[in-house]
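With the hints in hand, could you dock these two chains into one complex?
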Amino acid sequence: MFQPIYLDHNATTPIDPAVLAAMLPWLQGQYGNPSSRHEYGREARRAIDQARQQVAAAVNAHPTEIVFTSGGSESNNLFLKGAAAVRKPGLLAVSAVEHPCVLKPAAQLQRQGWQVRQIAVDGGGRIDAGDYADVLLGKPALLSVMTANNETGVVQDVRVLADAARSSGGWFHTDAVQALGKLPVDFRQLNVAGVHAMTLSAHKAGGPKGAAALVLDKRVELQPLIAGGGHERGLRSGTENVPAIVGFGAAAELAAQRVAELPVRMRMLQAKLENGLNALGARIFAADVLRLPNTTYFAFADIDGETLVGKLDRAGFAVASGAACSSANPEPSHVLKAMGVAPEIARGAVRVSLGAGNTAVEIDQFINALRVTVGRLQGLTALAV
Amino acid sequence: MKLPIYLDYSATTPVDPRVAEKMIPYLCEHFGNPASRSHSFGWVADAAVEEAREQVAALVNADPKEIVWTSGATESNNLAIKGAANFYAATKGKHIITVKTEHKAVLDTVREMERQGFEATYLDVKEDGLLDLEVFKAAIRPDTVLASVMFVNNEVGVIQPIAELGEICREKGVIFHVDAAQATGKVEIDLSKLKVDLMSFSAHKTYGPKGIGALYVRRKPRVRLEAQMHGGGHERGFRSGTLATHQIVGMGEAFRLAKEEMAEENLRVGKLRDKLLKGLQDIEATYVNGDLTQRVAHNLNISFAYVEGESMIMAIKDLAVSSGSACTSASLEPSYVLRALGRDDELAHSSIRFSIGRFTTEEEIDFAIDLLHKKVGKLRDLSPLWDMYKEGIDLSTVQWAAH
Numbered sequence: 525m526f527q528p529i530y531l532d533h534n535a536t537t538p539i540d541p542a543v544l545a546a547m548l549p550w551l552q553g554q555y556g557n558p559s560s561r562h563e564y565g566r567e568a569r570r571a572i573d574q575a576r577q578q579v580a581a582a583v584n585a586h587p588t589e590i591v592f593t594s595g596g597s598e599s600n601n602l603f604l605k606g607a608a609a610v611r612k613p614g615l616l617a618v619s620a621v622e623h624p625c626v627l628k629p630a631a632q633l634q635r636q637g638w639q640v641r642q643i644a645v646d647g648g649g650r651i652d653a654g655d656y657a658d659v660l661l662g663k664p665a666l667l668s669v670m671t672a673n674n675e676t677g678v679v680q681d682v683r684v685l686a687d688a689a690r691s692s693g694g695w696f697h698t699d700a701v702q703a704l705g706k707l708p709v710d711f712r713q714l715n716v717a718g719v720h721a722m723t724l725s726a727h728k729a730g731g732p733k734g735a736a737a738l739v740l741d742k743r744v745e746l747q748p749l750i751a752g753g754g755h756e757r758g759l760r761s762g763t764e765n766v767p768a769i770v771g772f773g774a775a776a777e778l779a780a781q782r783v784a785e786l787p788v789r790m791r792m793l794q795a796k797l798e799n800g801l802n803a804l805g806a807r808i809f810a811a812d813v814l815r816l817p818n819t820t821y822f823a824f825a826d827i828d829g830e831t832l833v834g835k836l837d838r839a840g841f842a843v844a845s846g847a848a849c850s851s852a853n854p855e856p857s858h859v860l861k862a863m864g865v866a867p868e869i870a871r872g873a874v875r876v877s878l879g880a881g882n883t884a885v886e887i888d889q890f891i892n893a894l895r896v897t898v899g900r901l902q903g904l905t906a907l908a909v
Numbered sequence: 367m368k369l370p371i372y373l374d375y376s377a378t379t380p381v382d383p384r385v386a387e388k389m390i391p392y393l394c395e396h397f398g399n400p401a402s403r404s405h406s407f408g409w410v411a412d413a414a415v416e417e418a419r420e421q422v423a424a425l426v427n428a429d430p431k432e433i434v435w436t437s438g439a440t441e442s443n444n445l446a447i448k449g450a451a452n453f454y455a456a457t458k459g460k461h462i463i464t465v466k467t468e469h470k471a472v473l474d475t476v477r478e479m480e481r482q483g484f485e486a487t488y489l490d491v492k493e494d495g496l497l498d499l500e501v502f503k504a505a506i507r508p509d510t511v512l513a514s515v516m517f518v519n520n521e522v523g524v525i526q527p528i529a530e531l532g533e534i535c536r537e538k539g540v541i542f543h544v545d546a547a548q549a550t551g552k553v554e555i556d557l558s559k560l561k562v563d564l565m566s567f568s569a570h571k572t573y574g575p576k577g578i579g580a581l582y583v584r585r586k587p588r589v590r591l592e593a594q595m596h597g598g599g600h601e602r603g604f605r606s607g608t609l610a611t612h613q614i615v616g617m618g619e620a621f622r623l624a625k626e627e628m629a630e631e632n633l634r635v636g637k638l639r640d641k642l643l644k645g646l647q648d649i650e651a652t653y654v655n656g657d658l659t660q661r662v663a664h665n666l667n668i669s670f671a672y673v674e675g676e677s678m679i680m681a682i683k684d685l686a687v688s689s690g691s692a693c694t695s696a697s698l699e700p701s702y703v704l705r706a707l708g709r710d711d712e713l714a715h716s717s718i719r720f721s722i723g724r725f726t727t728e729e730e731i732d733f734a735i736d737l738l739h740k741k742v743g744k745l746r747d748l749s750p751l752w753d754m755y756k757e758g759i760d761l762s763t764v765q766w767a768a769h
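Top line first, the protein sequences correspond to chains D and H. Going by the numbering used here, the final residue of the first sequence carries number 909, and the count climbs one at a time with no gaps. Going by the numbering used here, the final residue of the second sequence carries number 769, and the count climbs one at a time with no gaps.
Derived by calculation from the structure, the hints in this document are not laboratory data. Built from N, CA and C at the ideal position, the CB exists for glycine as well. A couple of the hints might just be wrong.
[Unchecked claim] Within a straight-line C-alpha distance of at most 30 Å, the following computed DSSO-like cross-link-like pairs (lysine-lysine) qualify:
1. H/431 x H/586
2. H/559 x D/612
3. H/637 x H/492
4. H/458 x H/388
5. H/492 x H/641
6. D/612 x H/460
[Unchecked claim] Selected chain D positions facing chain H (in silico; Cβ < 7 Å):
7. 555
8. 564
9. 594
10. 763
11. 766
12. 842
[As the list claims (entries may be wrong)] Derived coverage of chain D by chain H (criterion: at least 3 residues anywhere in the stretch with Cβ under 8 Å from a Cβ of chain H; other residues may be distant):
13. 532 to 543
14. 595 to 608
15. 613 to 625
16. 643 to 650
17. 694 to 705
18. 745 to 753
Extracted from the complex, chain H is given alone in its bound form (with noise of 0.2 Å):
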């Protein structure tokens, strides 16, 4: 068994060995560049972004005409909102709803539109993490524009109500964007029947490889947008920059093999999960983050009370784990997505979330279950809050003495 383990397949997975094998040979004999017309490096290069763009739209029953390579999913979501707030923002107004939750691509992205003149609302979740469809519903104005709120969450792994929020966007008028960055190999995605508009997609959390991603934008009915990044007119003009086939190659493959193995993918890693969950709901005074119905099979976000969270990393050093979502986790702010679901600042810090992937053993989460019972069991014995819990005092009554 390899130290430390990966547990942290949110964040990112590793390329499957099937996948890079495909990738290989377009990093050296097949090296042209697509748009190049005038030779067979060219086209076989182009044949191969072609044969990608297919299986990515297979995976989510769509037209590979609706789908536009980019760098990743955070250029995806800047594209997909910039790129429809500022393209109908004349004939529909200038109102973006988005959620508390989001990832930062997102929230980031919207707040720009922000100081460019926009409006936005940030609607909060429950505290089961999930939107509730009539708030979303109250939120929406005659002038909103635009509605971005993601499938799957990154740190809770709640699945948020596609269809339905589809279903109020489209009888509104309002432009849907979904960030389905973690969503596409754990939930079915079947664009011929959401409502949905525009999505973003990334590789490299779907045993992909990073540097590239897509962002699905719907013909029928058509929505049109205005690109971020303007050049040599690639990708019928919503994105120019030289196709990275290998990389491109790598996401085709990597939905492909989603799209055959997920079913039974995810079943096994949903075994993997709930014996990881079981083998720690027998810790005192731990709280799971989020549905656990309305979820990704591979996920569990939980809070161990009264464990102080950088001391808690620090003792699982060996689970590859992550103590919020991987992008802000450099900063040692409570993370934003736990808060929207109520947690206190102590219980978010102390909250450890657990991604479970294609490689994991259960032998690897007998490790993980056995550590954990040991090191929280340990840290507590040191910490005197623990004590005043066990002794039953009340710790949201204390007076605390500033020193």
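Same shape as in the complex, but just chain D (with noise of 0.2 Å):
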């Protein structure tokens, strides 16, 4: 069967061997409910313990500190709603560029009567130092900052941001999901610099839909958002689904692992992927700024981003226009909005986001239906004026 080249490892990665290998047991023979006495349960909770500390380990957290939710969304949302429901409400700040499922638990906060303020970026996708500290004026209760960008690929400091905002005395939440396995993620040092809670997913890590983590400080009281049974030290209720967590853990101990050489070879190939995109004239968006190495956002002038992926689609290359969760929102991007990037640019604008099975030879392939479609619809477009 043909099967075209995946370029979109920000919306979802293939799960790795290792990892599938480590989950199948759990999935054909092995099924116990972790919480049943039982030697079938006990074997349940053994597991999940050991990818409790796999996770931990990944990040350099305890144990401890791992809650594990169904995905990176629910972690998001128990953060904001969690943290918000134990305080009084304040302010309330995020970067303008967040997921919409930091955006959107905020929206939800403020009709709860939080005052929500957006933290601006600069043309670069970097949280706006001017910004930033007009903000912690506010003393925000509860800030929330994303550690790298899932459409530009943008990695803010969150460390020195995290630090700054101490004095507000405010709850600092990062969502790392695309930073998992693509940087060095060390929580321990994260949370000494001032970051509270941490976001993970384990399938844009190479690991199962389904599983996910928040890690928290345990001096942080959430209230949780699903209740009945006291799962999770009573932050997460519900049976574990101890085939996606194992299959979490193992994900997050590979990540860990390979963090030191797979960027490397990533960052190799973007920069191959961009001199590419250079050569035909492509904006690439956030060109200058650190990013993680697997992402390149860009797009062509008078060119519309949806009809590009269309025809790379048909071309044999699976990319993507916009963020995954909001492809079917026509909306130009709200990151590039933030950015300052005019609406009839970011309309063009298409993401590649390479994995780590990704090759040299693909990205050349790539680049050479990029050159034909880019030409066949400029020529249309020339026709046209």
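Right under this line is the structure:
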């Protein structure tokens, strides 16, 4: 069967064969409920405990700081709503380029009496220092700034931002789902600097969909989002998703093992890709800013992003025209808008996100396909003028 | 025969090999994000999700558009109760009705609503575990917004009169939620007939994978909910978050199999249960908990009087059974469900839930009967209470001295 070349790893990643091998016994033959006291249950409990240690070790956290959830969206909702529920309504500051699963809960909290302030970013997608200083004057009770952006790949200096926010007495959260496996992630170091909570997701890092975590400073009290039975130290009830959690553990361990080597290789492919894009006259967003080694977000003048990704799909390349979760949404990217990119340019945005399996040959093939496709589309545009 | 023998199908079930086989391609080549609209990886995943939605809807005779994916029945219960109660509080009122024998996922959620200013009534059940319709009717107030009653009890397996309760709720304008985690594949569920507004489902109690469930949300008449997880607007805004394709595919296949095989399976499992019941009933001083007719075929819950609960569990280590519900058995509190049926602490502690399933064999049931005969006898031989009982002393009249 013809399999297109997958260049959309920020949407989701293939499961690593080693991860799959760890999961399969839990779908074929082993099945206990970790809350059961008999051997089937105890064996499942041990598997969960091991995965918790693997995830903790991968991000330099303590196993007791790991709260397993069903996904990154749930982790972000749990932190924001759970923290808001135990604090007096005050100022909630989130960056303007957050994922909708941070922005939407923030909007929800606004309806419940919280004052929500979006932190501006500069043209490169980095938190605007002046605006951030201004936000901090308001002593935010809760802050959320993502470690790396899913669309642009722009990396924020979360340690510095959290450290600056210390005096506000607020709780600082970072959504790090796009960072795991692509950047070293060290919760202890972040925690010392003033980060209280961090979101991770398995399926963005070679693990399965359906398992994720909120890494949480134990001094932070949250109200659970899902009640009933008191699993996960009371922070998240419901029978544990054993196979996916086991897969998450294995994926996190692999990600940590590879983080010294894989990003270097990705960075080389990224440079190759971006040389090709520059030669074709593309505009690369946040080109000169520290980005994830796998993410390139670009546009061609007068070419609609949706149209371009459709043509690329037919040419055998799977890329995205925006964040996967809002792909149904025809609005231009809120991330690019926040960076001051004009809507007509933002409408052209296409995201390539590389993975462990991509090769230099695939990048060459992609650039060739892009040259042909863009040439045709620009020809059409020229004719129309 | 593999020991310990698994007789805890109400806690969780093995994934049926046919289900696992369907799931695996979605852990391998079909790994796309169903929300990816721009390439075939996404479309393939999305098509699989929609097929599974049809399969789940088919088992309960609902419209696929009425099925919302969640991470499990606990999340479904939270979404249903918090979502509907909050949405309708302003128009209908802030009173919730539920039952003392509900799962913690419902009870803890209703307690949470109480902390947020709602009032709740926790109804008693009869000695047989069933809800009295008159008691239910009497509890409805003008400001009752929602009632939540489970279809099948996880500990004693009794089937509540959902059809009748639905009629009452519809007549009184009360939103009716049913936790059906233990009912799928065990009881016929026809949502075109039942007047149920919201129904929670779980895959892993019906030979599907853990980590996936669904909430049925009625469209006609339309029921609205406040979402509990916000983000990319998946599931028509009811529940945001990337859909776990392989798990959804597994739930779809598991529910398809349940629909196809349920009638035959319940007959087979029922025979095994009846055999177990018959085999245990000739042990003296045993009591079945919960009604035996209005009950699912695979559940048997028995109290063995004059046997200490923890010793019993140790003695029958070769059987993987539950001495309370899975979710509460980490604590040594007597089962609140059995307490609600009027059992005293001693009897509650000495009760065992046997739940039989698709892969249980007759040989395993024979083994269980034999083992229990031996072990109960042995434990009672060591028990002074048993001696007193045999001598005809009424233990409830004994005055115990404190040491």
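Quick rundown of the hints versus the structure:
Note on residue 431 of chain H and residue 586 of chain H: the hinted pairing holds, with a Cα-Cα distance of about 11 Å set against a maximum of 30 Å. Between the alpha carbons of residue 559 of chain H and residue 612 of chain D the distance comes to roughly 46 Å, so the proposed pair goes past 30 Å and is violated. For the proposed pair residue 637 of chain H and residue 492 of chain H, the alpha carbon gap of about 27 Å is at most 30 Å, so the pair holds. A distance of roughly 44 Å separates the Cα atoms of residue 458 of chain H and residue 388 of chain H; the hinted pair therefore is violated under the 30 Å criterion.
A hinted pair counts as satisfied when its Cα atoms are at most 30 Å apart, and residue 492 of chain H with residue 641 of chain H qualifies at roughly 26 Å. For the hint linking residue 612 of chain D to residue 460 of chain H, the alpha-carbon distance of about 23 Å falls within 30 Å, and the restraint holds. Here the hint on residue 555 of chain D is kept, as its CB sits about 4 Å from the closest CB of chain H, short of 7 Å. The beta carbon of residue 564 of chain D comes within 5 Å of a beta carbon in chain H, closer than 7 Å, and the hint placing it at the interface holds.
For residue 594 of chain D, the shortest C-beta to C-beta distance to chain H is roughly 3 Å, which falls under 7 Å, so the interface hint holds. Contact between residue 763 of chain D and chain H, as hinted, is supported at the beta carbon level, the nearest pair being about 6 Å apart and thus within 7 Å. At its closest, the beta carbon of residue 766 of chain D sits 6 Å from a beta carbon of chain H; the interface hint therefore holds under the 7 Å criterion. The restraint placing residue 842 of chain D at the interface with chain H holds, with a minimum CB-CB distance near 4 Å, inside the 7 Å limit.
With 6 residues having a beta carbon nearer than 8 Å to a beta carbon of chain H, the stretch 532 to 543 of chain D meets the requirement of three or more and the stated coverage holds. Counting residues of the stretch 595 to 608 of chain D whose CB falls under 8 Å from any CB of chain H gives 6; the rule of at least 3 is met. With a cut-off of 8 Å between beta carbons, the stretch 613 to 625 of chain D has 3 residues touching chain H; three or more are needed, and the interface restraint holds. Using a Cβ-Cβ cut-off of 8 Å, 0 residues of the stretch 643 to 650 of chain D lie near chain H, which falls short of the minimum of three, so the contact claim is violated.
For the stretch 694 to 705 of chain D, the assignment as covered by chain H is violated, since 0 residues bring a beta-carbon within under 8 Å of that chain's beta-carbons and 3 are needed. Check result for the stretch 745 to 753 of chain D against chain H: holds, 5 residues qualifying (beta carbon to beta carbon below 8 Å, three or more required).
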